[in-house]
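Participant: Sequence:
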Amino acid sequence: MSYYQGKRRGFYIIDERFVGRSIEVYTIDGSKLMGLVDEVTNHEIGMLVENAAVIVSRQAIVYVVTGQSDVHGYGECCDKEYVLDEDLIGSDADIKLVNGQDLNGRIVKISRNEVALLHQNKAYVIPRGVISYIKILKRL
114 MSYYQGKRRG FYIIDERFVG RSIEVYTIDG SKLMGLVDEV TNHEIGMLVE NAAVIVSRQA
174 IVYVVTGQSD VHGYGECCDK EYVLDEDLIG SDADIKLVNG QDLNGRIVKI SRNEVALLHQ
234 NKAYVIPRGV ISYIKILKRL
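Residue numbering for the sequence shown follows the working numbering, starting at 114 and increasing by one per position.
Source of the hints: derived by calculation from the structure; they are not laboratory data.
Warning: the hint list may mix true and false statements.
[Stated by the list, open to error] What follows is a set of in silico ranges between Cβ atoms, one per label pair, in the way DEER data are often shown:
1) 242 with 145: 14 to 22 Å
2) 159 with 249: 30 to 38 Å
3) 250 with 168: 30 to 38 Å
On a predicted model such as this, the values are computed, not experimentally measured, just so you know.
For each residue, glycine too, the CB sits at the ideal point set by N, CA and C.
Kindly generate the complete structure, drawing on both the sequences and the hints.
Facilitator: As structure tokens, this is what we get:
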């Protein structure tokens, strides 16, 4: 158990519950890292990638791809600090990232710092800081 567990809960979707799970991390420099999550903190994610320890700064992450079942439950969000809040869970959306990339799917979880989008059989966890805008296509 991490010392920061209670503090981090609600801020991030990718938290200590991901330890031991396989994820793909896409970074702002264009790298793709595939591996197992070993440790999660407020500022970094430790992974085992091809038998090497890799530490990824959360600020460098464009998005994380994981299994759809890895993103479940209710995410605490924002107490009306954001327009994008829990009321939009279940909505179909197009997300434009600051690097120009588009992601689309159904919003399935929202936390203070991340948004999870379901597309086909994958979940995309996107830091709010790399979202340029979100177009809500269909609201439930």
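Participant: Give a verdict on every hint.
Facilitator: Comparing the hints with the structure gives:
Distance hint check for residue 242 and residue 145: the Cβ-Cβ separation is about 19 Å, which falls inside the suggested range of 14 to 22 Å. For the hinted restraint 30 to 38 Å between residue 159 and residue 249, the CB-CB distance of approximately 35 Å keeps it satisfied. The supplied range of 30 to 38 Å is met by residue 250 and residue 168, whose beta-carbon atoms lie about 37 Å from each other.
When held up to the earlier numbered hints, the structure conflicts with none and fits them all.
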